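Visitor: Chains as they are written, first to last, in my numbering: chain A, 336 to 793; chain B, 17 to 302.
Worth double-checking, as some hints may not be accurate.
With a Cα cut of at most 25 Å, we get these calculated DSS-like pairs of lysine-lysine [as the list claims (entries may be wrong)]:
1. 245/B to 519/A
2. 711/A to 619/A
3. 789/A to 758/A
4. 758/A to 711/A
5. 542/A to 266/B
6. 460/A to 789/A
Hints are computed from structural coordinates only; laboratory data are not their basis.
Remember, it's a predicted structure, so these values are computed and weren't measured experimentally.
What follows is each chain in one-letter form.
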Amino acid sequence: MSRKSAPRSLSSRLWDSLTSIRLTVTLLLVLAVVATVGTVIPQNEPVARYLASFGPRWGPLLVRFGLHRIYDGPWLLVPVGLLSLNLLACVIRGLPEAVRRVARPFTAEAALNLPLRGRFTLPAKVNPHEAVLPLLRQELGRLRRHNSPERLVYFWESGRFRPLGPYLIHLSLFLILFGALVGKFWGVEGRLAVLTGETATEFTLSKGEGSAPLGFALRLDNFTVDYYGGTGTPREFRSDLTILQDGKEVGQTACRVNHPVTFGGLTFYQSSYGSQLAGPVRLKVCKGQDCHPLTLGQRRGENLPDGQGQVMLVRVDANYQGLGPAVLLAYRAAGESGQPQIFWISARHPELARQPRTPFHQAGPHHFTVEDLPLKFYSVFQVRRDPGVWWVYGGFLLCLPGFLLAFLRPTQRLAVVLEQSPKGHWQGRLLGASPRAREAFQERVDRLLMQLKKGTCP
Amino acid sequence: MISQVLGLVTLIYLAAAGLFLAAALWSSRRLEAWGRGVLLAGLAAHLGAFFGRWVESYRHASQYTPPEGAGAVLNLVIHQVPLSNFFESLVFFSLSVSFLGLVSFRRHLKGALGLVVALLACLILAYASLAVDSSIRPLMPALKSNWLLIHVLTCFIGYAGFALAFGAALLYLWQTRRSKANPVAPPQELDRLMYRAVALGFLFLSVGILTGAVWADSAWGRYWSWDPKETWSLITWFIYAGLLHARLVKGWQGRRIAWLAILGFAAVLFTYFGVSFLLPGLHSYL
Ligand code: HEM
Numbered sequence: 336m337s338r339k340s341a342p343r344s345l346s347s348r349l350w351d352s353l354t355s356i357r358l359t360v361t362l363l364l365v366l367a368v369v370a371t372v373g374t375v376i377p378q379n380e381p382v383a384r385y386l387a388s389f390g391p392r393w394g395p396l397l398v399r400f401g402l403h404r405i406y407d408g409p410w411l412l413v414p415v416g417l418l419s420l421n422l423l424a425c426v427i428r429g430l431p432e433a434v435r436r437v438a439r440p441f442t443a444e445a446a447l448n449l450p451l452r453g454r455f456t457l458p459a460k461v462n463p464h465e466a467v468l469p470l471l472r473q474e475l476g477r478l479r480r481h482n483s484p485e486r487l488v489y490f491w492e493s494g495r496f497r498p499l500g501p502y503l504i505h506l507s508l509f510l511i512l513f514g515a516l517v518g519k520f521w522g523v524e525g526r527l528a529v530l531t532g533e534t535a536t537e538f539t540l541s542k543g544e545g546s547a548p549l550g551f552a553l554r555l556d557n558f559t560v561d562y563y564g565g566t567g568t569p570r571e572f573r574s575d576l577t578i579l580q581d582g583k584e585v586g587q588t589a590c591r592v593n594h595p596v597t598f599g600g601l602t603f604y605q606s607s608y609g610s611q612l613a614g615p616v617r618l619k620v621c622k623g624q625d626c627h628p629l630t631l632g633q634r635r636g637e638n639l640p641d642g643q644g645q646v647m648l649v650r651v652d653a654n655y656q657g658l659g660p661a662v663l664l665a666y667r668a669a670g671e672s673g674q675p676q677i678f679w680i681s682a683r684h685p686e687l688a689r690q691p692r693t694p695f696h697q698a699g700p701h702h703f704t705v706e707d708l709p710l711k712f713y714s715v716f717q718v719r720r721d722p723g724v725w726w727v728y729g730g731f732l733l734c735l736p737g738f739l740l741a742f743l744r745p746t747q748r749l750a751v752v753l754e755q756s757p758k759g760h761w762q763g764r765l766l767g768a769s770p771r772a773r774e775a776f777q778e779r780v781d782r783l784l785m786q787l788k789k790g791t792c793p
Numbered sequence: 017m018i019s020q021v022l023g024l025v026t027l028i029y030l031a032a033a034g035l036f037l038a039a040a041l042w043s044s045r046r047l048e049a050w051g052r053g054v055l056l057a058g059l060a061a062h063l064g065a066f067f068g069r070w071v072e073s074y075r076h077a078s079q080y081t082p083p084e085g086a087g088a089v090l091n092l093v094i095h096q097v098p099l100s101n102f103f104e105s106l107v108f109f110s111l112s113v114s115f116l117g118l119v120s121f122r123r124h125l126k127g128a129l130g131l132v133v134a135l136l137a138c139l140i141l142a143y144a145s146l147a148v149d150s151s152i153r154p155l156m157p158a159l160k161s162n163w164l165l166i167h168v169l170t171c172f173i174g175y176a177g178f179a180l181a182f183g184a185a186l187l188y189l190w191q192t193r194r195s196k197a198n199p200v201a202p203p204q205e206l207d208r209l210m211y212r213a214v215a216l217g218f219l220f221l222s223v224g225i226l227t228g229a230v231w232a233d234s235a236w237g238r239y240w241s242w243d244p245k246e247t248w249s250l251i252t253w254f255i256y257a258g259l260l261h262a263r264l265v266k267g268w269q270g271r272r273i274a275w276l277a278i279l280g281f282a283a284v285l286f287t288y289f290g291v292s293f294l295l296p297g298l299h300s301y302l
């Protein structure tokens with residue numbers, strides 16, 4: 336803007352900086368830097384992790400300045416807040432003028448005021464309509480026309496609503512930012528893990544510690560996961576849920592990935608799952624023909640029934656390597672030293688124990704098989720209530736027409752004016768303007784002028 | 017079969033690049049037209065390979081889950097669009113570059129600019145065929161969404177627009193540095209094409225980010241999680257927004273815009289490759 340020497344009031348200077356593009360570009364740059372820092376420093380990890388990986392000097396400093404929660408704190412909120420003000424100020428300043436420009440009709444008079452782009456002459460005898468109209472129609476499509484005794488005016492306009500485009504975009508960005516803030520301050524977000532058959536009445540909040548009541552009860556009736564045949568890749572998983580209010584069942588529904596479920600203002604998203612033991616694992620252990628049953632709880636060392644070794648149950652998996660349920664066992668025979676053997680025992684494929692160089696291989700002298708592996712699934716949901724999401728979606732919808740207007744159809748205005756000279760010749764003038772697409776417009780003007788000259792002067 | 021076709025397409029793009037080079041050396045209009053024609057032929061074969069892979073991917077998936085009813089078939093077709101791993105995304109990226117080059121540059125696609133575009137498409141495809149695992153893998157549940165198609169499609173068309181702008185920017189900087197009187201392409205024209213490609217790319221990247229947000233909202237329950245891929249696409253978007261304002265509002269042109277276009281494309285490359293290989297996150301499959 337102007338830098339006049341006349342002293343200006345503080346508020347008008349503030350307004351100027353608030354509506355300046357320089358502020359916009361600076362804020363965009365600041366945001367880019369903040370976001371970069373946020374991807375370089377891992378976010379939302381426990382504080383001890385930063386002390387460990389950044390050392391005693393930088394670790395505490397980093398936590399102190401909130402760089403480990405960069406997206407939740409002032410580092411992000413301040414520039415975003417300023418950008419919102421900047422956007423709003425720009426809309427307030429420019430929108431009325433843009434609306435006025437769009438609302439003003441394009442008339443023959445307005446057309447006559449467009450800047451001159453070129454001249455051409457028609458021979459005296461030709462009919463000007465026939466000479467000019469087909470050419471213009473071919474290049475421009477529909478035209479408007481204004482006849483008066485002294486002149487003929489053809490005029491044409493495209494992209495009339497273009498000036499509104501940027502404002503729709505800016506307004507939509509403002510809506511999105513506003514919705515994000517609403518969600519941040521008035522929304523709720525958390526996690527819920529439920530075991531099959533159990534009922535949950537509250538969920539864990541993801542911000543800070545603690546939990547919040549659901550306001551109803553949610554029972555996980557069944558959890559199913561199926562896999563792409565022969566692999567460990569899940570194809571689909573779903574949770575069958577029953578909703579209870581005051582002890583009465585009020586609804587049943589299934590929640591799947593990409594198919595969330597909403598009830599009582601909360602939305603549940605299937606996010607992950609796992610399995611845990613529902614009781615002790617029963618194995619059979621054999622040394623030669625001498626077999627015994629063996630019952631194991633998780634992570635407790637046990638002596639073998641024959642006293643000839645020790646085992647510990649390390650982990651269970653509902654579908655290890657796509658081969659169904661399996662347990663991971665650590666085993667050491669009596670008298671051996673060094674690392675224990677660690678191997679998986681597949682409940683469905685006991686024969687794998689004899690395959691060397693697989694995770695299932697058992698070197699002996701004891702051999703283990705699974706008798707009973709009682710597994711229970713638990714299902715994990717992301718839980719959310721976000722009153723701001725509709726503002727955000729509104730912004731998404733609004734910005735699409737904004738982009739189309741702003742980028743796809745530049746404003747162009749053209750007019751051809753024909754006037755008869757005293758000698759009877761038709762003098763033509765080509766007028767036009769396109770403030771934001773000058774070069775493309777110039778090309779069009781050159782092409783038109785060439786055709787007009789060629790087509791009209793044989 | 018499809019990999020052979022892709023190999024052939026790579027060679028066709030190389031041939032188009034050669035024709036454009038020859039056209040530039042001998043300033044021949046005929047050769048320029050041939051270059052565009054050959055590029056178009058390569059694009060047609062490329063599209064064929066793309067749809068071929070789509071069909072193959074569909075067959076693969078329907079072995080696991082034979083769809084029942086027209087709705088399920090349509091859903092499976094949409095989910096199996098070949099845009100779900102690194103190889104497929106590179107193939108589509110190359111396709112978008114040649115497609116967008118032909119569509120948005122049209123008759124300006126000639127000489128040195130044509131050479132740059134054809135070479136870009138050729139190199140991306142060659143990298144995909146030679147260095148990247150091309151096997152078809154089953155989709156994980158989160159990818160099974162109708163948003164996948166529109167999200168990835170728009171993102172990569174956006175990237176392609178930025179790649180074209182990058183090519184034009186390189187050319188612009190290279191030839192305005194030499195004080196030779198006989199430029200390979202008129203600088204004003206390059207400047208305008210650069211802007212056109214950035215505007216197209218920006219439009220598509222914006223739609224890509226929006227559809228990604230809508231998808232994330234239905235799959236993860238958050239439309240924005242500051243996952244590194246998201247964050248870097250936003251950084252990229254900021255840079256190009258800055259470029260557009262600098263040009264349209266401040267009237268910047270030429271070299272400064274060219275440098276911004278190069279900076280922007282560096283961010284695109286980091287969003288595309290750097291994030292996948294260097295930073296862990298939710299987008300680990302692409
Ligand atoms: C991050 C966000 C922003 C995006 C994505 C954005 C996008 C755009 C787009 C696409 C245009 C159209 C350019 C044209 O063809 O004229 C535009 C123009 C413009 N923007 Fe922004 N903008 C953003 C932020 C801002 C802010 C904060 C301001 C406030 C200073 C601003 C001021 C302007 C102005 C004055 C124009 C020119 C309007 C016109 O052409 O009449 N922009 N913006």
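Visitor: Against each hint, give a clear statement of whether it holds in the structure.
Guide: These are the hints, each one checked on the structure:
no. : hint           : in the structure
1   : 245/B to 519/A : holds (21 Å)
2   : 711/A to 619/A : holds (21 Å)
3   : 789/A to 758/A : holds (22 Å)
4   : 758/A to 711/A : violated (101 Å)
5   : 542/A to 266/B : violated (42 Å)
6   : 460/A to 789/A : holds (16 Å)
Checked against the numbered hints above, the structure breaks hints 4, 5 and satisfies the rest.
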